[in-house]
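Engineer: So the chains spell out like this:
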Amino acid sequence: MNKVVSGPRAALEGIKDGMTLMLGGFGLCGIPENTIAELVDLEVKDLTCISNNAGVDDFGLGLLLQKRQIRKMISSYVGENDLFERLMLSGELEVDLIPQGSLAERCRAGGAGIPAFFTPAGYGTEVAEGKEVRIFNGKPHILESALTADFAIVKAWKGDHFGNLVYKGTARNFNPMMAMAGKITIAEVEELVEPGELDPNFIHTPGIFVNRIFQGEKFEKRIEQRTVRQRG
Amino acid sequence: MNKVVSGPRAALEGIKDGMTLMLGGFGLCGIPENTIAELVDLEVKDLTCISNNAGVDDFGLGLLLQKRQIRKMISSYVGENDLFERLMLSGELEVDLIPQGSLAERCRAGGAGIPAFFTPAGYGTEVAEGKEVRIFNGKPHILESALTADFAIVKAWKGDHFGNLVYKGTARNFNPMMAMAGKITIAEVEELVEPGELDPNFIHTPGIFVNRIFQGEKFEKRIEQRTVRQRG
Amino acid sequence: MLSKEQIAQRIAQELRDGYYVNLGIGIPTLVANYIPEGIEVEFQSENGILGMGPFPFDGDEDADLINAGKQTITARAGAAFFDSATSFAMIRGQHVQLTVLGAMEVADNGDIANWKIPGRMVKGMGGAMDLVASADNIIVAMMHTNKEGESKLLKTCTLPITGVQCVKRVVTNLAVLDITENGFKLIERAPGISVEEIVKATEGRLVVEGDIPEMKFA
Amino acid sequence: MLSKEQIAQRIAQELRDGYYVNLGIGIPTLVANYIPEGIEVEFQSENGILGMGPFPFDGDEDADLINAGKQTITARAGAAFFDSATSFAMIRGQHVQLTVLGAMEVADNGDIANWKIPGRMVKGMGGAMDLVASADNIIVAMMHTNKEGESKLLKTCTLPITGVQCVKRVVTNLAVLDITENGFKLIERAPGISVEEIVKATEGRLVVEGDIPEMKFA
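Protein chains in written order, with this note's numbering: chain A, 8 to 239; chain B, 8 to 239; chain C, 194 to 411; chain D, 194 to 411.
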């Protein structure tokens, strides 16, 4: 059950133009930096990327947008990326904006074998167009469908060779659900540890969801909004 | 945000005949022993109990069955309890048997504001009677609805006064989903610790789901099937 | 006329002991600075933290610890981190008692628009649609009028809406208003602001009954 | 005729390196004792563990560490515990490559009945309905006939079914059979058992093509 691969190149073995990818992270927090860099190098294109955000102009998924490798984005918030806005308004980039909670739940559903579920989010808005509406407990809900991906690419704090993962702080975000929803799930970790080092009571993503794992060479972990208070 | 109460009596404040309860545990593993004992003492009756199992004749929910305090059970497997089988076959006890995975997911849905979801489990069986069927990806699924309860009663390993909980081993089972689905959620823990002692990265049930918490006086933690191998 | 800080301060008076609260970006964030004495509340941020603390001291920033506005934050003792599905389970499952968020427009039936200006601004709804569709208690914090002086409290939203009939209360730089069957109901005036000024600045139906008190600040 | 241990041993030959496997109660549990050399598999138990190890040494039992049969077990290095919703996410989401379970009846279209005898036995389906509805690869381990000598491989299940058209393969004390469009297809005979004996013990449609080899045990 040794799922360790040598690095992002080996982890992405089998990737093709036109595939659908899920990429974990919230803003630039908890994104799979090393694998994104490799996607740029591999020059795969026509990608559909499912990710809460689209990075910033010069980091995260912004790097793939710069190279026009993405055909379609499925996201909830893309406000930090000017290029994205330009590409979307000009029609170069297809965009499906969906509520953040529905995005998270749709990924989980994809991994959990639940093809569809009802949620109140988006009822009465653009998001509900073409979707079934049903009243539960007097409140209208819309039917949302599961999301899956050819590759799910997640970033964790630590992992072992079974693929068990733990995340740190708010870098967890979408990573655990996306890890569940990939036909092939790649995990890049800050630290690869020996089996048994992770307490089995405190595994966030059990290894069954992960196919390939590697320790990232370096993590820039860029901060978007550095907010601080002064000491004293 | 101090949710600590003095014990099971205070935790059950407001309980009434005819209420619906969820009780965590799988078999006798991870059941809220102290609160069950208190339910017996309080002599509340006509209860609807949602619990994966129904205990054994003289422990767990079996104690409430002995006193005929339960009107209806919603469970997935009740094979360890002879009294249960007798009460059910004689019609004294109303029983709704549902697939274990659907039970877990229906509790989670109840806590997560998802009124209904599709699952393949039970299609074509008694469980599907009267339920909507829909094909997804060529496979028939049935629509299952959320479950909630007046009181959800869970058992955890450790907890703090915010209601944050961690579970040990396979004693986790249904407890986290049920904790989400109670109008009032009671947690009995083996050890009440100071806020900050639990690592925020490794909380299984965030305190927002818990209303009342106490440290159980004693835990018998009975074993149903003691299977061992010999040393050497 | 209230400053942004005063709007936040007035909204903070709505906090009750034991509340879990989700604060949106902008004015709502400032509410955390005015928690009334003697009560304890917990702040939830939808990217995955309960028990959000103040900004870190300079030099203590952690890239792995941010709020939904992507700002570096700290965690209080007793905090918990969780994934996005669990976070929205809290929100959708109505475990959060109060949601405060900004808006571009609010209609007098409680509709809210705060995510999109067609052909111009496409940032996305983020968690706003889940929040407004789920929360029992939604307060909007915003200016009463836009930069052109036009009312943001309307008969009908002109922008794509974020949610229908969901806002309960609006706190602006001019007034506190509740959403009722008959439209906005004036509850309080900002210090020094007359009822006439509020009527003039409100395009939607407005109910004014009896004497309208001025807001009080501790 | 195979013993229960031999049925388990034959099923173990279906294991492949890297498989995650869910074993039901009874004969299926024994499969764990016959993992072929040179391959690594992980056992999932639906009550919430991945990486199940052998029974504990006498005195090391832990009430908080059991399998779905409520037996005390151990956890291997690299194990993980999780809640029931996550456990069935693994199962329903087809992350488990092989499911082995017992049955009272199997029909020649792949229907299975293993949870209820009306008016007599009401134990409940536990996780069986989720498992059979979800798994891509389901092997049934059972005796070919019941105590009265009646076939358990039927045209149609007489008992309430657990799942429809889901079983892929059946391993009994007499034979290995696959479910095909034309009914049960005989794949292997137990050592010393003739095709005629299998035909006689099978009530459902049975396809016998060419020479049927005997099972091989290492």
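Bear in mind the hints are in silico, worked out from the structure with no lab data behind them.
Treat the numbers as computed from the prediction; the structure is a model and nothing was measured.
Glycine included, each C-beta is placed from N, C-alpha and C at the ideal position.
Some hints here could point you the wrong way.
As the list claims (entries may be wrong) - Incomplete in silico selection of chain A near chain D, CB under 8 angstroms:
#, residue
1, G14
2, L94
3, F169
4, P213
5, F216
What the hints assert, rightly or not - Reference listing, derived: stretches of chain A covered by chain B, where coverage requires no fewer than 3 residues with Cβ under 8 angstroms from a Cβ of chain B:
#, segment
6, 124-134
7, 219-228
Engineer: Look at each hint and say if it fits the structure.
Structural biologist: Right, here's what the structure says about each hint:
no.: 1; hint: G14; verdict: violated (21 angstroms)
no.: 2; hint: L94; verdict: violated (33 angstroms)
no.: 3; hint: F169; verdict: holds (4 angstroms)
no.: 4; hint: P213; verdict: holds (4 angstroms)
no.: 5; hint: F216; verdict: holds (6 angstroms)
no.: 6; hint: 124-134; verdict: holds (count 4)
no.: 7; hint: 219-228; verdict: violated (count 0)
The structure fails hints 1, 2 and 7 (numbered hints given earlier, in ascending order).
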